[in-house]
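Asker: So the chains spell out like this:
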Amino acid sequence: MSEKPRKFKGGVHPNDSKALSASKAIQDAPLLDAYTVIMHQNIGAPPELLVKKGDAVKKGQLLAKAGGFVSVPLHSPTSGTVGAIDKCPGPTGIAVPAITINSDGEDEWGSLFEPISDWKNTAPADLKQRVWDAGIVGMGGAGFPSHVKLSPPEGKGIDTLILNGAECEPYLTADHRLMVEQPKDVVLGAAIIARILGLDSAVIGIEENKPDAIAELQKVAGEYNVRVQPLPVNYPQGAEKQLIYAITGREVPVGKLPMDVKCVVQNIASAVAVFEAVVKGIPSIERVTTVTGKPIVHPGNWRFRIGTPISKALELAGGINEQPAKLLLGGPMMGIAQSSLGVTVMKNTSGILLIARDEVSLYTSEPCIRCGRCVDACPMDILPATISQAVENKRFDWAEELNVMACIECGSCSYVCPSHRPLNQHFKWAKVEIQSKLRRRN
Amino acid sequence: MSEQETSQSIRLPDPAKLVVSNSPHIRSGQTIHKVMFGVVAALLPACAAGIWFFGLAALNVLLLCTVSCVGFEELWNKAMKRPSTWKDGSAIITGLLLGMNLNAGIPWWVCIIGAFLAIILAKQLFGGLGYNPFNPALVARVGLLIGFPALMTTWNEPQGGKMMVDAVTTATPLSMAPGAAQVTDMLVGNTGGCLGETSAIALLIGGGILLALKLIKWEVPAAFIATVAVFTGIAHAANPHEYASPIVHVLSGGLLLGAFFMATDMVTSPMTRKGALIFGLGCGLITSLIRLWGNYPEGVSFSILLMNALTPLIDRMSMPKPFGYVAPEKGKVA
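Sequence lines, in order, name chains V and D.
Counting along the first sequence from 1, when you hit position 441 you're at 441 in the working numbering, and nothing is skipped either side.
Counting along the second sequence from 1, when you hit position 211 you're at 1211 in the working numbering, and nothing is skipped either side.
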């Protein structure tokens, strides 16, 4: 059932800059002396701490247990002793609680989960429990606990599982390399997730600029009833709503979730983590991350353990040629700018990106000339320029009327704006104001 | 571990010099400056045609208008203690468009009054670039037309390539008897009229540049010109003795200049593509009505200004429904 993907409205075509790292095989990062594992790596409740300073821990041992249903446990990245349990710089610039693990150099596994090799005949509920126990979250974006996504309420009638291999953010190649090097693991992960959802098939959506990934996956996909769907290159093709539309033609209603149109979307790295948790019994303590950017001496892809400081990741990549303007976690369109090298790799760190001074947007905002480029670029079909003017005048009621809540913050409008207006920033502001107004009302 | 040694030769970013700001962190490289100078480039063929047919007098008018517009812009910035803005190119466009909307024999002081009307009255009093509801060059043209009707409707005879400093007066195709106008003359620009609007070919080349550089929405000129062609075509078919053919209507007067360069002004026309179609259609309709039954032989300026006034309304009417729109009351997917 090879269908032609649907083209969503709008989108932009930034230079993808993936050539810097796309052909670099994933390398295992060497063992460090210490890891600083950020406690709260998932959306939802933080996990509950189980260890104290001075405790000896093994690799993969539970450091903290899930603090509720929408929460995941946290495991030790290596063996050693628990050091300081203190605050460390978080990805949003706010200091967050973190556990330091001082490595004993042995890197010795504790007791692994029981491998489930016969997952085809294992109850879906048991497989789902394993996904939860392994601490798997959506590793591409917000870090939403995977087991929650795999627990749609009764009656949603989920009929499609989509693996998001679009990787439409410029520069990032981590998912690309996973698909090229571990195609079978990706496909098996998809098949296991499909079984949990009661489905017998899955679709992997991939942008056409990764022909090697498409070819590798197609070699193994058929056996597990997984379909590989090439997608046109158009940012934000990997945004959940645009991806679902491209593959199924369904529009996720504003304010609703993929499951409301009978779809579940999972990240490529999460699928590999599911495969490893189920078939090998390994918890989620690693993340394949692209370290790249023009200022980087040797851009590439590494398999980091969670808790690896960014400074160490940059050292592995040979350091820098020139002082960058920005250090980002994630891609250049939606990534978060950092002010510290002490932030550590988390389960959802898909990229560590340095932006050179000549490619960064450090412009002053000028008046809107109403050229309409933002309107053409918007994949959600709202009017960015008009909403931005409403926000400038603090007319959040008007911004709401103009459907600012439909905005997915992809940044396409800001990207094309000749006046360099802070459009995306205005929308984030408006959404916070509108949500807090709703909370006050309730 | 050997890490300690290697890390000394490895350079890491200085965190104190890292910029923290909102995503996206890269931009397309498009700037107001580039947009505006693209438009200037697109205006040059028609300006060159004007100078060829109307001589150095036309060059004088274009230069005087442009320099005055830039001058008034900077005077205003000085007086208001604002940073200089002429380099963004918008005042240069206004100046060129104003000059193109005048005839080559216009007295110098009319140019300066026009520049004042365009930059100060129509643009800066509303807040400058991006805030003016009406096209500045057209406000100036209409202001001058009402203030100095005789001067503004005295047309010069084209003097192809003679580079005369003084101009000779003649009639325009729109004010001639139907059938008297020569289509080939109108195509190249060998006819009376404002210095920038006579050469259809030069205007089409400029329009092509605008479309190729994606500086205008194709919907505006397409709807504008098509509406005029259809409307005047019907009138011509009904009574060929009274009404000129649609070809004359499309090629003559300020239609091509207006449709490609003035109705498409981003600031004063709708932002959505649907809105742009409605806008172009309205311009075409009003132009046709004024040309066929109005007191003025030409209606392009008035039609665009009238539609400028409707732009906020059109924008509101043509607001797209967002992807995955949910109607507030029905609670169903639209």
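Hints were generated in silico from the structure; no laboratory data involved.
It is possible that part of the hints are untrue.
Here are some chain V residues the structure puts well away from chain D; computed CB gaps all over 10 Å [claimed, not checked]:
#	residue
1	Asp107
2	Glu359
3	Pro379
Simulated DEER-style distance windows between Cβ atoms [unchecked claim]:
#	chain 1	residue 1	chain 2	residue 2	range
4	V	Asp86	D	Gly1127	51 to 59 Å
5	V	Ser436	D	Gly1127	28 to 36 Å
6	D	Lys1087	V	Asp33	25 to 33 Å
7	V	Ala95	D	Leu1044	33 to 41 Å
8	D	Leu1044	V	Asn321	39 to 47 Å
9	V	Asn15	D	Val1020	17 to 25 Å
10	V	Asn121	D	Gly1029	52 to 60 Å
In this text, a Cβ means the ideal position worked out from N, Cα and C, and glycines have one as well.
Asker: Take the hints in turn and mark each one as holding or not.
Answerer: We went through each hint and held it up to the structure:
no., hint, result
1, Asp107, "holds (13 Å)"
2, Glu359, "violated (6 Å)"
3, Pro379, "violated (7 Å)"
4, V:Asp86 x D:Gly1127: 51 to 59 Å, "holds (52 Å)"
5, V:Ser436 x D:Gly1127: 28 to 36 Å, "holds (31 Å)"
6, D:Lys1087 x V:Asp33: 25 to 33 Å, "violated (55 Å)"
7, V:Ala95 x D:Leu1044: 33 to 41 Å, "violated (58 Å)"
8, D:Leu1044 x V:Asn321: 39 to 47 Å, "holds (42 Å)"
9, V:Asn15 x D:Val1020: 17 to 25 Å, "holds (23 Å)"
10, V:Asn121 x D:Gly1029: 52 to 60 Å, "holds (56 Å)"
This entry does not satisfy hints 2, 3, 6, 7, going by the numbered hints stated previously.
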